[in-house]
Amino acid sequence: MSAAPHLNRRALLAAGVAALALRGAPARAQAPDLRLATVDWALLETLLGMGISPVAAAELVLFREVAVEPPVPASVVDIGLRGAVNFEALRLTRPSLILSSNFYGWMEPKLRLIAPVETLSIYRTGRPPYGEAEAAAMAIGALTGREDAARALIDAVAGQIDACRQRLAAQAGRPLLVLNLGDSRHFRVFGADSLFGEVIARLGLANAWGERTFYAASAPLGLEALARFPEAFLVILRPVPPDAARVLATSALWNALPNIRARRFAVLDSVDPFGGLPTAARFARLLTAALLEGGSGNGGGLG
Amino acid sequence: MAELALPRPTGMRPLPFGLALSALGLGLFALVLMRRPDLPGAAFDLDELLLWHSLLPRAATALLAGAALGLSGALLQRVLRNPIADPSTLGIAAGAQLALTLALAFAPALLALSREGTAFAGGVAAVALVLALSARRGFEPVTLVVAGMTLSLMAGALSAALILVRGDYVFALFIWGAGSLHQQNWEPAQLIGTRLALAAGATFLLRRPLGLMALDDAGARSLGMAVQGMRLAVIAVAVALAASVVSEVGVIGFVGLAAPALARVAGARRPDAVLLAAPLIGALLLWITDSLVQLTAGNGGDLIPTGAAVGLLGGPLLLWLLPRLRAAAPPLSVPATPRRRWRRPGRALAGLAVAALLAGLFALVAGRDLDGWALATGPLLTELLAFRAPRVVAAAAAGGLLGAAGAIMQKLTGNPLAGPEVLGVSAGAGVGLAAALLLAPDAGPGLLLAASAGGALGALLLVLAIAAATGFGAEKLLLAGIALGCMALAILSAFFAAGGPGSFLLLAWMAGTTDRVDLMQAAILAACALLLLLPVALAGRWLSLLPLGAGVAGSLGLRVAASQLLLTLLAAAMTGVAAFFVGPLSLVGLIGPHLARQLGLNRGAVFVFASALIGALVLLLADWLARMVAFPYQLPTGLLAALVGGPYLIWLLQRGDRHG
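Protein sequences, first through last, are from chains A and B.
Note that our numbering has the first sequence beginning at 512, numbered continuously upward.
Note that our numbering has the second sequence beginning at 68, numbered continuously upward.
No incorrect hints appear here.
Reference excerpt, derived from the structure (chain B facing chain A, CB under 8 Å, subset only):
hint, residue
1, Leu451
2, Ala453
3, Ala564
Simulated from the structure, these hints should not be mistaken for laboratory data.
Remember, predicted model here, so these are calculated numbers, not experimental data.
The C-beta atom is built at its ideal place from N, Cα and C for all residues, glycine as well.
Start from the sequences and build out the full structure, keeping to the hints where you can.
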């Protein structure tokens, strides 16, 4: 992150100006030395995507494995599991503002003992997450005085998705099924109201899954349900459980599915299903590459 | 020994009952076949492929798995002379689940090699443990089931903790935990079928010894039978059968309990007849349930997984069997001979209190910061106290409550394996929590607490009502609590299988944590602890007399039913309050009383207070370790409590086995 010092200086300057202009306004607008911490992964990647390095964030070991990008600078202190944030460690990093989301509502009273808390929720029932992710970026921009960076992130992601859309113009309207394999007999599928569902729509593709989901994946389905979508391109998200990969390789049903026979499937690298804008861009990029390659290049294997 | 004393139902004949069940099964399956979806534009014969590789193997698996579980249950019930023994009550499923979770977290290669083998090993280990724990009491029915359920709950909490810590691959485990029969090849059907055939053969060869097992051990021995060896052989067959089902298709609860019971209701009287009818009824039962699950499934997936659906049957079934369970007065509890007797137990209590106080102070001051180990003093301590104080207070108070509740339950039931868990109160709290998370995903802390309180209260009222209706014996109380716990676990597994963001929160609660308690709640919890513990001082006589059995206690002038009810309420309130704030940390409620007994503090109220203080000590230690071991990552307190206390408890009970 070579650009970080420069951006921080600008942030300081902007915050200072804002502080002068808004004397008496909410404390957050005048923080000259904003030390951000976040317990939510989607907000963490949004911050990183805006070039802001928080002082502390949760469960970085798994974040690097599941969300993969953006890279987390070594200076960010890991404050433990998202479900059991270490308040003592968080306190010792002396944040001046903590970002949280609706998933962590129960811990807010404790977080408030450490620093003011700002709740920005991307995943809520009935709200398309992509728009909420953009709104969260703008809100972070307003909180940090970095509206420019927020705008830049939003435009960059929209631009990347648009570029992907143009590269995929030949496949416009193609039906897709984004899924996770649970074991050799079950999968779950991401609906239109998930982040992936929205990105698919923005790429000009169609989500073959028409049933309702809760801003996320469906309940587990039997593998045989895949037969209902013979035309769909199957987008399988890692991780693929090792035993599923082994069993499906020799499965008569799996190998007889029209999608698998015609190699209309691809295995994508891990993407955080509850991510923010950087995840949307990552998903669009990985998906576009897979579709342009024309399906699984590795001989139908899932490994 | 308990025996099922079912009145012979008039007008019910085995054959018509079987035919009716078969007709129902066939009819439903015909509906399933008719309702197959039209496949748009399938260029080749996908439809036929689905029939041969999904629908038919699914039906075959349901039939074979049901039969295997039915046979396994019938064998276990016969050989243990226990009408409520079954693969689920003996902890096979929980053991298998824990093994799978452990493998997932630490040795994924094992799973790629053989998922089934891993689950199988876990299931067998769990049963071995349950049998070892209850051997001391001669495999007495209630003890066996209490041991099984306790082990299940512990394994469940451990699995939850591991999943939380690993945070990945969770999806697969939940599907498995709720038992789903979706198939894509014949492999599971073939495997279960082979094992079933082998077991059926073994059962046929063992039919004479099995018949003799209906006698007591002495009688069987006098007829020239090697009782223990034969018993082990039959148990091995039954467990292998159940474990192979569990490892292939996941947790399918209570078919093993239901099938033999239904066989008896349908008129099968002789042992041979039950052993023959139970597998048939089990097969039909699971097939019918699975067809119903398929028929109610929408395009969005099953409404409820098959295993959880059958599991829901388990609770009512146990309750229905309760009044028919004619148990002899439980054997008097034989406490391990205390090493010493205290002339003034008050001094020992004071010593324990000082130890707990010191542990609390230590937990407040000692810890790790971002650079390493540090003793917090001065301003840093004041700063950290805001977070440490509520946890320390909560751990001490909850530990005390659970220890005391466990002690009361043990005195009340005369059963050394009865923890506070068996009242079903914590399981009820979990269901309340799940309901709140399902209905209001954004629920705040207030609503969640209220929901879990509602669940706990509902469970308690239900257990009390059932116990009252069945004559309020200690055994009935235990079984009613266990029945409720079973149903609650089935509901929770269905909730987890559906996925959704709320499951993470519920997992955290199940794993047990003092993390969420704030200062206000800690104060309330401490006040509750004092309020609930003090009345125990007045109940010393009850606690001394009740373990002697209702007859003796009554003749000594004790109002047995009233004192039992009051003590139950007290224990339930203690458990409920603790579970409400820190989750179901059941192990503490088992360890506390056993350590107190070991110290020679096993009389009346002193026993309860000593258990409370030891419980507080144990939970303080576990909580501190949970915060420190992997800093800044906090492990669930329940995980540490299990790791610290579990092996010790097993060692203690085993030792008692030899010396008691």
